[in-house]
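Trainee: If you're matching them up, the sequences are chains A and B in order. Under our numbering, the first sequence is numbered contiguously, ending at residue 218. Under our numbering, the second sequence is numbered contiguously, ending at residue 255.
Treat the hints as calculated values from the structure; they're not laboratory data. Cβ atoms here follow ideal geometry from the backbone N, Cα and C, with glycine treated the same way. Warning: the hint list may mix true and false statements.
[As the list claims (entries may be wrong)] Pairwise CB distance ranges, derived in the manner of DEER restraints:
(1) V57/A to Q145/B: 45 to 55 Å
(2) D144/B to T152/A: 50 to 60 Å
(3) R213/B to R209/A: 44 to 54 Å
[Unchecked claim] From chain A, some residues computed to sit far from chain B (all C-beta separations above 10 Å):
(4) H120
(5) Q128
(6) I163
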Amino acid sequence: MSYIAEILPPLLQGAVVSVELFIITLVLALPLGLPFAFGEMSRFRPVRWICKIFVFVFRGTPLMLQLFFFYFFFPLVLNIDIPAFPAAILTFVLNYAAYFAEIYRGGILSIDQGQYEAAHSLGLSRAQTTFGIIVPQAMRVVLPPVSNEAITLVKDTALASVISMSEMMRVSEGIVNRDYNLTAYVVAAAIYLLFTFLLTLVLNHIEARFSTYTRREN
Amino acid sequence: MSAILEMKNINKYFGDFHALKDIDFSVEEGETVAIIGPSGSGKSTLLRCINCLTRISSGSISLNGTTFVDTPSGGEAKYIPDKALKQVISETGMVFQHFNLFPHMTVLDNVTYAPIKVKKVPKDKAVARAEELLNLVGMLDHKDQYPQMISGGQKQRVAIARGLAMDPTIMLFDEPTSALDPEITGEVLSVMKNLAEQRVTMIVVTHEMGFAREVADRVVFMNQGELTESGTSEQIFTNPQSKRLQDFLSSMIRA
Ligand SMILES: Nc1ncnc2c1ncn2[C@@H]1O[C@H](COP(=O)(O)OP(=O)(O)OP(=O)(O)O)[C@@H](O)[C@H]1O
Ligand SMILES: [Mg+2]
């Protein structure tokens, strides 16, 4: 027990870094996914292809490899220094934006053509149709898969340990190696579980609020 | 009387398929016109050309004095710029077979959304007008409900109010009762009949022969992309000229 009390403060410090990474990634990647989603459906071929390639690359390669790229390779080529935290943020935001873009695209495509026709015949502009009619409905559709990704992100933050960022995983690893005692892993696991549990509660609450109307008419 | 809608020499191709063939069609102010005809004859296509949901291949259309699409001889149909076109489109109201209400908005918001956003009507005025219209279609009591909480007939009545809220010069109905259970088509038809009596200009694509006969000032019959016959409901139903129309009418009676 006293051992746990001893290792808890550094673990919690690591947990704070993990949470920061989690929150900053979500706050930036959630909106960034939208322009990529629209880009993938753009009428302009170059825009469409750039967005498709972006999504293809970031979904098609391991997150760990992307971390290495932005932490080791990218600074080398550009001859600049990128510390671990910003490198991790950059990687996570781009990676998650790619996943969100695909989810958003699916959500937008799921909206009935009749909604566009009704908006058109009322004289709504493209922007009014998109942001007043389509996106609010698509949001409901994408909420469950986005929630899923958010929970995956909690666990993915542990990957940042590979570029020596002192988030919770790295901290617990350090303690285990130092003390030859696996307790730190168990405590870290408990903290991750607590995160995902709290997150699930929040997400359920949001989903309940969005379900004031059901998905489709007819 | 002046034509509020004038369509001349309308042709529409979907790829190689000739969906509308040299159609001349006009509607006078205050008139109720029913379009009847077999499935696939081009009724919806014709209606959708009026508010540009479908763009014509050639011909010209004028609505309320504005010619928004015209075709230079030998050329392709040319539409006026988008902004002006939007203006024309917002002068039409459309009611769809599947209602197409906005499910994330209450009944009231469905009706006020476009007037506020497109016509920049102040919110209180838009709400007052919407309540008036919802009252007209008998849906005022349901104004705070979401579309999935009301029946099909009620949805369609809200959709009619939504269309009317833009103060359109013409209302377009594409089989407004076809998705409804037979026992509730009446509530929608009676709202439409009421509008016709108030001289709202309307075009109604319908399979409801009783409605066409009783309410329409004029009935046009379409067949295979052509406007085959046109006349008063009396002429069309009691004295059909073409064989196709005679066959169609007898098939509708049997059905
Ligand atoms: N977007 C489209 N692309 C290709 N063909 C189309 C398209 N829209 C309509 N058509 C074709 O044009 C013809 C006329 O269709 P339209 O929907 O106008 O018929 P309708 O008279 O309204 O029939 P219904 O009574 O079944 O609604 C049909 O053969 C249809 O397959
Ligand atoms: Mg049709």
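Trainee: Against the earlier hints, flag every one the structure doesn't satisfy and list their numbers going up.
Mentor: 2, 4 and 5
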